[in-house]
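Mind assembling these two chains? They're in different frames, but the hints should get you there.
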Amino acid sequence: MIRLSVPLRQAIARLVLPALIAASFGLMLLGKADTVLAERARAALSDLLVPVYGVLARPVAAVRDAAAEIRHLIHLHGENARLRDENERLRRWRDVALALEAENLALREVLHAPAEPTPQFTTVRVVADLGGAYARSALLAIGPQHSVRKGQVALDGSGLVGRITEVGGRSARLLLVTDINSRIPVQVERTRTRAILAGTNAPRPRLQHWTGGEAPVAGERIVTASEAGAFPAGLPVGIVREGRGGVLEVELFADLDRLEFVRLHDFGLSGILPPEQVTRPERPRRRGDG
Amino acid sequence: MASPVARPPRPRGFWQTLDQFARDAAPGALTVLLVVAMGIPIGLPAQHGVMPVPALAAVYFWTLYRPSLLPPLAVFAIGVLSDLLSAAPLGLHPLLLLLLHAAVLTQRRVLARQSFLLVWVVFLLMAAGVLGLGWILRTLLVFRLLPVEPALYELALTVAVYPALSWLFVRVERSLAAAA
Numbered sequence: 001m002i003r004l005s006v007p008l009r010q011a012i013a014r015l016v017l018p019a020l021i022a023a024s025f026g027l028m029l030l031g032k033a034d035t036v037l038a039e040r041a042r043a044a045l046s047d048l049l050v051p052v053y054g055v056l057a058r059p060v061a062a063v064r065d066a067a068a069e070i071r072h073l074i075h076l077h078g079e080n081a082r083l084r085d086e087n088e089r090l091r092r093w094r095d096v097a098l099a100l101e102a103e104n105l106a107l108r109e110v111l112h113a114p115a116e117p118t119p120q121f122t123t124v125r126v127v128a129d130l131g132g133a134y135a136r137s138a139l140l141a142i143g144p145q146h147s148v149r150k151g152q153v154a155l156d157g158s159g160l161v162g163r164i165t166e167v168g169g170r171s172a173r174l175l176l177v178t179d180i181n182s183r184i185p186v187q188v189e190r191t192r193t194r195a196i197l198a199g200t201n202a203p204r205p206r207l208q209h210w211t212g213g214e215a216p217v218a219g220e221r222i223v224t225a226s227e228a229g230a231f232p233a234g235l236p237v238g239i240v241r242e243g244r245g246g247v248l249e250v251e252l253f254a255d256l257d258r259l260e261f262v263r264l265h266d267f268g269l270s271g272i273l274p275p276e277q278v279t280r281p282e283r284p285r286r287r288g289d290g
Numbered sequence: 001m002a003s004p005v006a007r008p009p010r011p012r013g014f015w016q017t018l019d020q021f022a023r024d025a026a027p028g029a030l031t032v033l034l035v036v037a038m039g040i041p042i043g044l045p046a047q048h049g050v051m052p053v054p055a056l057a058a059v060y061f062w063t064l065y066r067p068s069l070l071p072p073l074a075v076f077a078i079g080v081l082s083d084l085l086s087a088a089p090l091g092l093h094p095l096l097l098l099l100l101h102a103a104v105l106t107q108r109r110v111l112a113r114q115s116f117l118l119v120w121v122v123f124l125l126m127a128a129g130v131l132g133l134g135w136i137l138r139t140l141l142v143f144r145l146l147p148v149e150p151a152l153y154e155l156a157l158t159v160a161v162y163p164a165l166s167w168l169f170v171r172v173e174r175s176l177a178a179a180a
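As you go down the protein sequences, you meet chains A and B in turn. Note that my numbering gives residue 273 to position 273 of the first sequence, counting from 1, and the numbers run on in steps of one. Note that my numbering gives residue 61 to position 61 of the second sequence, counting from 1, and the numbers run on in steps of one.
Chain B on its own, in the form it takes in the complex (with noise of 0.2 Å):
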């Protein structure tokens, strides 16, 4: 999918080092347009708040296919800009976001040649162990027991818009290749 092989080096003025700039910067910004759009109240009955954690995906993504793109100061400042907006406890997502790139880091070699479907599963797997783990660590900050569906319904919808947050990447990431 991606095509770690360098780039001929180019003559670069100013308007080329801008859309090199505009062009690594596309993911990190595409996120945080999600992140923020998840905000947007759609009103929908029976939802209750609960919504899908779009910065998962897209930190497994693009670790996943050009980790590049996304680095880990670009994961880290997404991270805290979660954490401001929901008012969960600082350091919370940057920490879990962070985890969640490593571990694909780890296993991206074999990972990346995988058909979709099981790409799709093991993000199911690292989803839950990170949501998990932001259940744990919120349990502790608070110092009471929180209950355990809220994470897991989010689980459920972060997991079931993968596909199309996947499908949405994988343009971006396509046009991304074919201008460079």
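The shape of chain A in the complex, shown without the other chains (with noise of 0.2 Å):
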């Protein structure tokens, strides 16, 4: 210990607080330069706290489940009621897609036209809900030998989630279709109308920027567009809805609140990302994957 005079070390004692704001306003000035570190340190800080996470998860996820299990309890009546009709329903649709899918086929056959590949997916799962007032993000547990990488897709049962945006040794992160600055080309599945989802974190993103003159109405299905080959077409996304003052939104169809697990598509496109999410070259470590 190196000892000093107390006049001294009361100069330092005071130095210190204006130097660390200092220090703040440098770290911001080189986070704005260099994105590339504030996303390295970001990864190796998510590497280190996935399995704490996935320790703290554990308790929480039973008190949920339990929870869910007594609300469900509570509407088993209406819930079988609602399912019937829905069942019935369902039955309807299998006929039809049924019916489809052999036109399909045999129109394919006249045409020899080559069929759409399964798109490839891995399951993983989703350990903390990170992000505050402007950012929405979640992270994802995932193998030391996986494949995952920057750009690809992220589903739950239902729909599109988000967009992967840091990948680390053992843990991902994955930018929710909510985030202030995730930015998803779409379309309406019916009339073909290309569009920009953005992200407000607000529950519900807005459509902005569609083509054409007439603007979608509320109700149509939105999935995604492939456009600039950044995204994989057609994939669900939500129902757009009126919100307020006109501004169109859409109704996602996956739940952000309750995501437990999210499958990751690779349809081995790499389009155009935004600039601060341009995928780097490989690392030698993560060998033959995509």
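Hints listed in this document are in silico derivations from the structure and should not be mistaken for laboratory results. Hints are all accurate, no fakes.
Reference excerpt, derived from the structure (chain B facing chain A, CB under 8 Å, subset only):
#1 Val36
#2 Ile40
#3 Pro41
#4 Phe76
#5 Leu84
#6 Ala87
#7 Ala88
#8 Pro89
#9 Leu90
#10 Gly91
#11 Leu92
#12 Leu95
#13 Pro150
#14 Ala151
Idealized CB from N, CA, C, for every residue including glycine.
Have a look at this one:
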């Protein structure tokens, strides 16, 4: 321990706070100038915290499941009636789907059209729900031998959830579609009108910049568009709703409040990503993925 | 509440040093734990990712009653951790937390003697100022006008959980004081 005189020590103590405030500004500039550095630091921290969250999440999940169980028991009767109803409807749809599939196959045969390749996917666990007022992201726990890459698309059971923005050794960060930085090319399923789905941090992202004169109509289904090759086309996103002040919003199919597992689809697309999400050359550690 | 009276010098062996270190690190460690815990997905409906900011409450409380236990360097480190966790612009939280720390330091002689209600109201004002400044900085950093509502939700939640956090911190502070 270095012995310092009392006045000198007091002077240093008084200087610490201004120096650290200056350091904060320095960090801000550094983070703005070198986004890769900040990203590496985040990925390293995520790698460190993923096991911690994995342990912490277990009792929380148990409590959450118990609460859900009680809720289900209370609504058992109504739920049964609803499911019977839905089953009836789905059976009719199944017949339609089977007929269409047969017709599709027959037409393909005639045209010699190649069949769409079945996309490969991996299922991963969501361990943390990070972000604050101005960020919506989730932390994913992935195995050490993973083949997860930046730019991959994530879906839950019902629809699009977001896209991978950072990949570490055993963790990955998923930017949700509701995040304010999220911009996703979409289209109206029926009319093929292209638009951009822009996150606002609110539960319903907005539709912007649609092509053609007519705006999408409330109630229409929105799916992803393959604009710029960054996204595979046709993944379910949500339904158009009219928000406050006539703003067109999308009610998502995915339940972003209760993410437990997501499917990561690898469509082998490497289109134009936003500048901050440009994929760096793969490190040799993750050999032969994709 | 706090007793700034110097403790009598004791013989310091290895275990005493370790014990003392653990005591000194307790507020910082507790804050880190709270910040990390905010990431646990609790899956409340209508929460939409907005969480309270326990770091604000912690820095406010400890700076007010025991500034020596949460020095500026610890405040800075907690800020960097918050930034990395929430993918906020790097340097934002350290700056906000250090400013809060500095603001409380100037007022603590008067404020530490006041009732809980007044301390809470002052926390509301300071948190509003800090989060407002945070909104301005974010807007400047991304060069785009950000919506105000998320910051307001965040402020409301943070102020609402302050009594609970304060209760927890008081328990920790008392156990630290009793053991010292």
